[in-house]
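Novice: For reference, the chains in residue letters:
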Amino acid sequence: MVMSILWTGMVAISLIAAAALGNGSALSAAVPKGAQAGITLALSIAGSICLWTGVGKLLEHAGITGKLSKLLRPVLGRIFPSVKTDKKLENYLSANVCANFLGLGNAATPMGIQAAQRLAQGQNGRASDELCKLIVLNTASIQLIPANVAAVRAGLGCASPFDILPAVWITSLCSAGLGVTAAWLLGKVWRK
Amino acid sequence: MTDYIVPVLLLAASLFALRKQENSYDLLLDGAADGLKLLITLVPTLVLLLTAVTMLRASGAMEAISAFLAPAFRFVGIPPETAMLVLIRPISGSAALAVGAELMAEHGVDSLVGRTAAVMLGSTETTFYTISVYFGGAGIKKTRYTLPAALFADFVGFFMASMTVRLLM
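Just so you know, the sequences run in chain order A and B. Going by the working numbering, the residue at position 22 of the first sequence is 105; the numbering climbs one at a time, nothing skipped. Going by the working numbering, the residue at position 109 of the second sequence is 122; the numbering climbs one at a time, nothing skipped.
Rather than coming from a laboratory, the hints here were simulated on the basis of the structure. Just so you know, even glycine gets a beta-carbon here, dropped at the ideal spot from N, CA and C. Honestly, I wouldn't trust all of these hints.
Stated by the list, open to error - Computed list of lysine-lysine pairs in DSS-like fashion (alpha-carbon distance at most 30 Å, straight line):
#	chain 1	residue 1	chain 2	residue 2
1	A	K170	A	K150
2	B	K33	B	K50
3	B	K154	A	K275
4	B	K33	A	K170
5	A	K271	A	K150
6	A	K171	A	K153
7	B	K154	A	K170
8	A	K275	B	K33
9	A	K167	A	K150
10	B	K154	A	K271
11	A	K167	A	K275
12	A	K167	B	K154
13	B	K33	A	K153
14	A	K116	A	K271
15	B	K154	A	K171
16	B	K155	A	K271
17	A	K171	A	K150
18	B	K155	A	K275
19	A	K150	B	K155
20	A	K171	B	K33
21	A	K167	B	K155
22	A	K153	A	K170
23	B	K50	A	K170
24	A	K167	A	K271
25	B	K50	A	K116
26	A	K170	A	K271
27	A	K171	A	K275
28	A	K153	A	K167
Stated by the list, open to error - Selected chain B positions facing chain A (Cβ under 10 Å, derived; list incomplete):
#	residue
29	D43
30	V89
31	T137
32	T159
Just chain B, with the same shape it has in the complex (with noise of 0.2 Å):
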């Protein structure tokens, strides 16, 4: 079912995009074009979090981090070698985008935890960022208790994608 999904929406978009009368082709072409500029954004933050990811993996500390929150991550049944991208997905998008490829690079795209990790990614937020852009672009000063409401919704996050992936694949 799956396989469909994707083909279905290209093909669904074009279609739409005509019968609206619109260019698809140029559409499409126009915006892979930006595609390349936000990638040549991309590479540099990509080579620097790499190396230090990598290096973290190297030096032996993200398995003693791992280790040391495995008590707490395997209590709530999250898989504890993600333990490094739940602490970094909140703050840092493209790191944590570093940290979830090395994950499935290290552990296998297709093992328990390259696909936790991968969900992970998908479903969350970097909420740090951006609860200071929309408090920032509004003006507001008194939070409230955003903060903790958003760190909630992102722990079900990571305690369902362990949950889905348990379960369903």
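Here chain A stands alone, though its shape is the one from the complex (with noise of 0.2 Å):
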């Protein structure tokens, strides 16, 4: 339903807007150009896409994310205070966050939801402290190599695509880091 109000507001706007500017024929000479820029994209990523969902399947069984989980117990005890009592909830929690640094959302989602479930018995419907960081860790995204967007920029003739990945490590740092301390802060303060 959401995408459906998305592309019926994109396209009434863009009507309204050419309808003012006079804009008719540019209008609608994007029409057929949008579309095939559409499959343009598809295939200048299809080789990115098929090789990272190899590597994010050969990461999965390769016995790395059990290795980047034992790193990660210290700074999810002082986060999720819960895990020092609750083996299990450590397990998917850290197994969500290590798939979603190695970019293998697939995997992730299932593992945080489990995690969810666990954060979320006898509350009642109402969310904990903990699962609203766990939340908010999950839509901040920190992830290892964004593979998506540097195959789109090498399917536009990107010498390097992969220039970005300090800037994106460093972005994603401070937005998970500065949400989680939001979150703790509102915790404190936030008495529904």
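Relying on the hints, combine the two individually framed chains into one complex.
Specialist: Below is the structure:
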């Protein structure tokens, strides 16, 4: 439903803007041009998507997630105190964060939801402070290799599509860190 | 330095898999086939969304929205050309990819706007979707302060994307 509204809204805004600004001919030319641009984009990122999904599968089976989660334990313990008494929760949480980190979205979500379900137990449908932090952490995306974006850049002829990596890392660390901090502060004042 | 990250990761993943006696080549093949399936589901979405985004650009709406929001964006130091991306990113991942790709093509993939768009895409998530999936899965009705905190994290992401691109690249 969200997408239907988004699509209709974008088309409606385009039509209104074109009528107001007298860009009718450009607008109608944009329809087939845009549709073809969709195919061109899909084709230009096709190779990278296939390769990175392959690498994702490899990472999943190579036991790297297990190694990473050991490194993560001390940090997780600070953000989510419950992991000290709940071993299963700790496993789900670290698997969720590691899978996100390695760009394995399909593996990350089920683990994250399992963790969320454990955190929601006995709360009568009210999000606990730790659950809020878990979701903020998941909406902030800390990713080692943003493969899709790099693919789009490569498809557009960029000479070094991965040179954005340091900027991406700093940015996502700041947004995750400050997001969790904001959640922690809000948790102190939000009584409802 | 960044030139070696990806090849090293490829080698490391393959070595790790071999050490665990996993058949790394078959795993890669298997995953690549899954990637092809993923791509096929992505193609219709990209066609529709790029049609809409190209229409927004050609109609002058994209520029009008950027111009309208420009004072606010300039005030916080985010390039106003990215306004559409900032608005759509928390709502739909594929629409954001379409808007971002169009921005990179229109302004140049190595331009300030193109790079900022790329960093924004790479370092933020589809916030509303993520929240609904997690709270839906956990059966939560009272979401309390999650949305404001998550949107604040997004804002930090958009801001830091602009800063890091300006200062680092």
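Novice: Give a verdict on every hint.
Specialist: For each hint, the structure was consulted:
With a CA separation close to 16 Å, the supplied pair A:K170 and A:K150 stays within the 30 Å bound. For the hint linking B:K33 to B:K50, the alpha-carbon distance of about 27 Å falls within 30 Å, and the restraint holds. The hinted pair formed by B:K154 and A:K275 meets the criterion: a straight-line CA distance of about 12 Å does not exceed 30 Å. Distance hint between B:K33 and A:K170 is fulfilled; the C-alpha atoms sit about 25 Å from each other, no more than 30 Å.
For the given pair, A:K271 sits about 34 Å from A:K150 by alpha-carbon distance, which is inconsistent with the 30 Å threshold. The hinted pair formed by A:K171 and A:K153 meets the criterion: a straight-line CA distance of about 14 Å does not exceed 30 Å. With a C-alpha separation of about 26 Å, the suggested pair B:K154 and A:K170 falls inside the 30 Å cut-off, and the hint holds. Distance restraint check for A:K275 and B:K33: the Cα-Cα separation of roughly 49 Å exceeds the 30 Å cut-off, and the hinted pair is therefore not satisfied.
A threshold of 30 Å between alpha carbons decides the hint, and for A:K167 with A:K150 the separation of about 19 Å falls inside it, so the pair holds. Of the pairs offered as hints, the one joining B:K154 and A:K271 holds, with about 20 Å between alpha carbons and a cut-off of 30 Å not exceeded. Our distance criterion of 30 Å between C-alpha atoms is met by A:K167 and A:K275, whose separation comes to about 26 Å. A hinted pair counts as satisfied when its Cα atoms are at most 30 Å apart, and A:K167 with B:K154 qualifies at roughly 27 Å.
Restraint check for B:K33 and A:K153: satisfied, since their Cα atoms lie roughly 18 Å apart, inside the 30 Å limit. Taking the CA atoms of A:K116 and A:K271, the gap is near 52 Å; set against the 30 Å cutoff, the hint is violated. Restraint check for B:K154 and A:K171: the C-alpha separation of about 24 Å stays at or below 30 Å, so the hint holds. For the given pair, B:K155 sits about 16 Å from A:K271 by alpha-carbon distance, which is consistent with the 30 Å threshold.
Annotation: proposed proximity of A:K171 to A:K150 holds, straight-line Cα distance about 17 Å (limit 30 Å). At roughly 9 Å between alpha-carbon atoms, B:K155 and A:K275 fall within 30 Å of each other, so this suggested pair holds. Pair hint A:K150 plus B:K155 does not hold up; C-alpha atoms about 35 Å apart against a cutoff of 30 Å. A hinted pair counts as satisfied when its Cα atoms are at most 30 Å apart, and A:K171 with B:K33 qualifies at roughly 24 Å.
The suggested pairing of A:K167 with B:K155 holds, with an alpha-carbon distance near 26 Å, which does not exceed 30 Å. Note on A:K153 and A:K170: the hinted pairing holds, with a Cα-Cα distance of about 13 Å set against a maximum of 30 Å. The straight-line distance between the Cα atoms of B:K50 and A:K170 is roughly 36 Å, outside the 30 Å bound, and the hint therefore fails. At roughly 21 Å between alpha-carbon atoms, A:K167 and A:K271 fall within 30 Å of each other, so this suggested pair holds.
About 25 Å separates the Cα atoms of B:K50 and A:K116, which keeps this hinted pair within 30 Å; it holds. Using a Cα cut-off of 30 Å, the hinted pair A:K170 and A:K271 holds, with the two alpha carbons roughly 26 Å apart. Restraint check for A:K171 and A:K275: the C-alpha separation of about 28 Å stays at or below 30 Å, so the hint holds. In summary, the hint linking A:K153 to A:K167 is supported, as the alpha carbons are separated by about 14 Å, within the 30 Å threshold.
Taken as an interface hint, B:D43 checks out: its beta carbon lies about 6 Å from the nearest beta carbon of chain A, inside 10 Å. Checking B:V89 against chain A: minimum C-beta separation of about 14 Å lies over 10 Å; hint violated. For B:T137, the interface hint holds, since its Cβ comes within 10 Å of a Cβ in chain A; the closest pair sits about 6 Å apart. Contact between B:T159 and chain A, as hinted, is supported at the beta carbon level, the nearest pair being about 5 Å apart and thus within 10 Å.
Checked against the numbered hints above, the structure breaks hints 5, 8, 14, 19, 23 and 30 and satisfies the rest.
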